[in-house]
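There are 2 protein chains.
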Amino acid sequence: MNLPPLVQSFVLHFGEMGSRWGINRTVGQIYALLYVTPEPLNADQIVESLGISRSNVSMSLRELQAWNLVLLKHLPDDRRDFFTTPDDVWQILRTLAEERKKREVDPTLSVLREILMQQPASDAERHAQERMAEMHGLIERLTTWYDDVKKLETDRLATLLTLGAKVTRLLEAKDKIVSLGRSKRSPDKA
Amino acid sequence: MNLPPLVQSFVLHFGEMGSRWGINRTVGQIYALLYVTPEPLNADQIVESLGISRSNVSMSLRELQAWNLVLLKHLPDDRRDFFTTPDDVWQILRTLAEERKKREVDPTLSVLREILMQQPASDAERHAQERMAEMHGLIERLTTWYDDVKKLETDRLATLLTLGAKVTRLLEAKDKIVSLGRSKRSPDKA
DNA sequence: CAGTTATTTCAGTAATTACTGAAATTACGA
DNA sequence: TCGTAATTTCAGTAATTACTGAAATAACTG
Chain A
1 MNLPPLVQSF VLHFGEMGSR WGINRTVGQI YALLYVTPEP LNADQIVESL
51 GISRSNVSMS LRELQAWNLV LLKHLPDDRR DFFTTPDDVW QILRTLAEER
101 KKREVDPTLS VLREILMQQP ASDAERHAQE RMAEMHGLIE RLTTWYDDVK
151 KLETDRLATL LTLGAKVTRL LEAKDKIVSL GRSKRSPDKA
Chain B
1 MNLPPLVQSF VLHFGEMGSR WGINRTVGQI YALLYVTPEP LNADQIVESL
51 GISRSNVSMS LRELQAWNLV LLKHLPDDRR DFFTTPDDVW QILRTLAEER
101 KKREVDPTLS VLREILMQQP ASDAERHAQE RMAEMHGLIE RLTTWYDDVK
151 KLETDRLATL LTLGAKVTRL LEAKDKIVSL GRSKRSPDKA
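Protein chains in written order, with full-length UniProt numbering: chain A, 1 to 190; chain B, 1 to 190.
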């Protein structure tokens, strides 16, 4: 591997983290390299930079494409494939969230749904189904929220993030106003 | 493996998903089993239920404990260890988020910080640092938000989730009120 | 079309990770 | 203290995953 020291640290770190993130070392390294490099790179440049086999680069790029984490570019008068990552880190975040959901959450959601359709044949199964229903309920809530939030334009999403838990204060305020209005017109029965 | 069919489906699914979630098959299966079983189980019961070796169970329980996903219980007049999962799925979610952040995000954050401290020695390094700064900024924003939100009590968190993107409407309303107030007193210069 | 370059595929091998059984350790109870 | 039950450790092996090099395929060019 022959890279500027700062780049190398970054690339090696992504390689090490790869396994924790559900990708492998090479995939992590290639992603990191593309991310910090200003111009798109072709496969041979990656081979050169990371000191790995051509076939490994080919397979890893395919993997990164499956994750939608990489863009294929073509330069004029050059028939080689060049690759980069999207510039916008928010877009990267969205892609990452979408793909992880698809791989890590959706399959479980559908298995849970399937099991919950069945008739329990014992107390054990009845109890198990109850627990699965709780899990299913939580996951559904989370994914509904996610589907909702992912539609926001980036600057609104950023606002939402910055606001964080402060939103609840806003909610409290709203509650007060609402209950105030209600108490004027028709006070709570409880 | 000798389990009621519904339980078995669930357990096998968690086993299969294990690798995608960064845990292994056995750990996933044990977790699933404990999650749906009403009473705490001891190691031998797990061996029995899943048909795996005693030592594997021991190691996997240790792993689950490292994740804080499992509770150790003791029954009176029985010196064996019994295990369950917490009842509250929201609590489980919090633990999961915390542990994944610790393992998957924090190390990268600290590597980024370290690299960003260094003096770039070339244009390539300068550009790479800019990209890393973008990534660092985004991750910091996300973790700040997370630190903020995780402090909320569960019902507030649930409200926030249910509200989802609708919050932005509330924000728009607030913006209007604020800008209205401002325009009365001292209109924008821009 | 033949020759050249770029990319992919895939069988074999290397590296890593998961699991087992036997032995060691720990924690009691008589 | 000795014996027994519970748990852990760990060396060896099995299973899985990652990677390579050679061969095949695809995409162009003259």
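I should point out that these hints are in silico values taken from the structure, not numbers from a laboratory. Check the hints yourself; a few may be wrong.
Intra- or inter-copy, both count: the list cannot distinguish identical chains.
Said to hold, decoys possible - No farther apart than 20 Å at their CA atoms in a straight line, the calculated lysine to any residue pairs in the SDA-like style are these: (1) K73 - M117; (2) K102 - G22; (3) K150 - S122; (4) K151 - G164.
These figures come from a predicted structure and were not determined experimentally.
- Just pull the numbers of the violated hints for me, sorted ascending. Failing hints, ascending: 1, 3.
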